[in-house]
Amino acid sequence: MIKCRNLTRRFGEFTAVDGLSFHVAPGAICAFLGPNGAGKSTTVKMLTGLLAPTGGEIEVCGLDPRTNPIELKRRIGVLPEDLGLFDDLTVEEHLELTASVYGVARQDAKGRIAQLLRALSLEHGRRTFASACSHGMRKKTSFAMALLPNPRVLFLDEPFEAIDPVTSKIMRDLLQSASRRGITVFLTSHILPVAEEIATQLIMIRKGKMVWDSPASELPQALEQHYFDLVESPVVEDLEWLGPPRS
Amino acid sequence: MARTAAILRALAQALRRDQKSIVAIVGNNFFIVTVLMLQNAGAFLDLILGLILLFTLSTDPLQKIPASRLALWPLERRERWILRGASPWVNPVTWLIGAGAVWVARGKVTVGLWGLCGGLIAISFILSALPIAPRASVWRRIPRFPGPLNHLIRKNLREMLCTLDFYVALLLSAAVLAYRASGMKLPAEALMPITLLAMVALSSYAQCLFGLDGESGLERYRLLPVSGWQVLLAKDAAFLVLAVLVALPLAPLAGLGAALTALAVGHYATVNHRREQIRWRFSAGAPVVEGLVQCALIAMAGSSVGHSGWMIAPCVAAWAGSVWWYGREWDGADR
Chain W
0 MIKCRNLTRR
10 FGEFTAVDGL
20 SFHVAPGAIC
30 AFLGPNGAGK
40 STTVKMLTGL
50 LAPTGGEIEV
60 CGLDPRTNPI
70 ELKRRIGVLP
80 EDLGLFDDLT
90 VEEHLELTAS
100 VYGVARQDAK
110 GRIAQLLRAL
120 SLEHGRRTFA
130 SACSHGMRKK
140 TSFAMALLPN
150 PRVLFLDEPF
160 EAIDPVTSKI
170 MRDLLQSASR
180 RGITVFLTSH
190 ILPVAEEIAT
200 QLIMIRKGKM
210 VWDSPASELP
220 QALEQHYFDL
230 VESPVVEDLE
240 WLGPPRS
Chain G
0 MARTAAILRA
10 LAQALRRDQK
20 SIVAIVGNNF
30 FIVTVLMLQN
40 AGAFLDLILG
50 LILLFTLSTD
60 PLQKIPASRL
70 ALWPLERRER
80 WILRGASPWV
90 NPVTWLIGAG
100 AVWVARGKVT
110 VGLWGLCGGL
120 IAISFILSAL
130 PIAPRASVWR
140 RIPRFPGPLN
150 HLIRKNLREM
160 LCTLDFYVAL
170 LLSAAVLAYR
180 ASGMKLPAEA
190 LMPITLLAMV
200 ALSSYAQCLF
210 GLDGESGLER
220 YRLLPVSGWQ
230 VLLAKDAAFL
240 VLAVLVALPL
250 APLAGLGAAL
260 TALAVGHYAT
270 VNHRREQIRW
280 RFSAGAPVVE
290 GLVQCALIAM
300 AGSSVGHSGW
310 MIAPCVAAWA
320 GSVWWYGREW
330 DGADR
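Heads up: the protein sequence lines correspond to chains W and G, in order. According to numbering that gives the first Met the number 0, the residues represented by the first sequence are 0 to 246, in order. According to numbering that gives the first Met the number 0, the residues represented by the second sequence are 0 to 334, in order.
No lab work stands behind these hints: they were computed from the structure. What you are looking at is a predicted structure, and each value in this text was computed from that prediction instead of being measured. Certain hints may be false.
[Claimed, not checked] Computed beta-carbon distance windows for the label pairs:
id : chain 1 : residue 1 : chain 2 : residue 2 : range
1  : G       : Gly320    : W       : Gly54     : 34 to 40 Å
2  : G       : Arg140    : W       : Phe227    : 52 to 58 Å
3  : G       : Gly84     : W       : Ser232    : 50 to 56 Å
4  : W       : Lys206    : G       : Tyr166    : 50 to 56 Å
[Said to hold, decoys possible] Which chain G residues stay away from chain W? Per the calculated CB distances, all over 10 Å, these:
id : residue
5  : Ile81
6  : Gly84
7  : Ala173
8  : Ala189
Don't be surprised by glycine CBs; every beta carbon is placed ideally from N, CA and C.
Please work from the sequences and hints to get the whole structure.
Below is the structure:
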């Protein structure tokens, strides 16, 4: 469902993504992991057609984002890094906009919107403008927008960050349910336990280069330890000026 | 005291960075045209133009600090009072008002007029310091439009209703309406210049149609499965709704021709040189030369349509061609 070969993106002298090649099968939940600045969001932007690659090939749903951008956008749902919301639309208006632009039939759209608002606990804030929403509400709105048109592939950039535990659980369940229905999920995250729980494929990158790609079942050790070994191990410095430790 | 001084220094720095409000005025077509046309009108006009400038800058400097951060800082009550009293003085406008007071003392302007100006600036300052409800909720009730772009057009209307440009145009239009309603007859030759001036007041916004969308909104535009021409069409529909509304009591057809021309020219700057805008300020358009070209074409188009209604056809054609061309540029831009 998602294929890329030798994907590269340079910004001047800086290479953000350096020759990535991977394949994600239909219905898989692929967790794309790496530290801040590793190139995760840049990769998602290239896969969704928001950013042109400097080199390499991409195929999503059998389409090249460069030659078929509109057709591709009809088949994918995206929760972007900065959520992609308009300050001057309410939560409900965002969903209605999505339904009409993606051509969801009116009656169908009404039902889907009501269900998503209920499932994501957005009902009470449906008439709140995005500019007045909390970060969590904004993220849930963007997530609902990604899901509403029933896409073939879902791209989610850090979906579980800044979300309350209940909503996080609901979102995880929704993603697993979507995956069982053949929808491919490609997500980035820093919350390793969540990635470990739901992902069926794990890709790790560091400084734009791939360091690991395997089915989740083939992970040789716990994800966190494997991540520390391959990507980056934490170096904790003792801040002595905080005072002597208490016994 | 050192803590208060450090905060005041940071505030002054933040305000210096906000001086783009001045740039906004300088790049505003209405401002340019008024200055050029009425430069010999004397001190009164200078004062009014100065007032427009000052209005945009008369904000409470303490607004620059997020309320939650200000509340968390370990400041004593006395320090907070000092901050409240001293913060207006880091805004250059306060010093300009002081200079104005000296001017008044020299008898150049009447005390009453200066009192009016000072009062308006004070209102602007106080309003910016008040915790007012979310900015967009003022325009919650916007009519629905047919078609899939309905909510995009409504959003664009809400954005445009948050610029001062629209209210200047509306003021001109409402003044004519009030004049006519009072039973007095407006000379036919006066109608066209007022229509054109109202369209010029709106025209800077046509050069920065994405200015209030923010990065997040722009990202959504790029994710939606719509073509560039549809994105521009939704923007233009909102602009034209308000332009026609303003032009109704004036010369509607000429106003429409001028508005279509403003958009046809403005698309270039809108798509190629995005300028972020500030709500409840005047729009900052393209550089002066581009603005003047746009104004000249608006004047030509408006007066041509005023003379012959058929001249609306080339205006529509130019606008449609511009939507198609710049829509393609929007689609093709390397994002």
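Over 10 Å from every CB of chain W: does Ala173/G meet that, or does the non-interface label fail? Nearest chain W Cβ is 24 Å from Ala173/G, so the label holds.
If I claimed the Cβ atoms of Gly84/G and Ser232/W lie 50 to 56 Å apart, would that claim hold in this structure? holds (52 Å)
Minimum Cβ distance from Ala189/G to chain W greater than 10 Å, as the annotation requires: At about 36 Å from chain W, Ala189/G clears the 10 Å cut-off, so the statement holds.
Take the C-beta atom of Arg140/G and the C-beta atom of Phe227/W, compute their distance, and say whether it sits inside 52 to 58 Å. 54 Å Cβ-Cβ, so the 52 to 58 Å window holds.
Assessment of proposed distance window 34 to 40 Å (beta carbons of Gly320/G, Gly54/W): Given a distance of about 36 Å, which is inside 34 to 40 Å, the answer is holds.
Can you tell me whether the CB distance of Lys206/W to Tyr166/G sits inside 50 to 56 Å? holds (51 Å)
If I take the minimum Cβ distance from Gly84/G to any residue of chain W, is it greater than 10 Å? holds (31 Å)
Separation of Ile81/G from chain W, once the least beta-carbon distance is taken, above 10 Å: holds (30 Å)
The earlier numbered hints are all upheld by this structure, with none contradicted.
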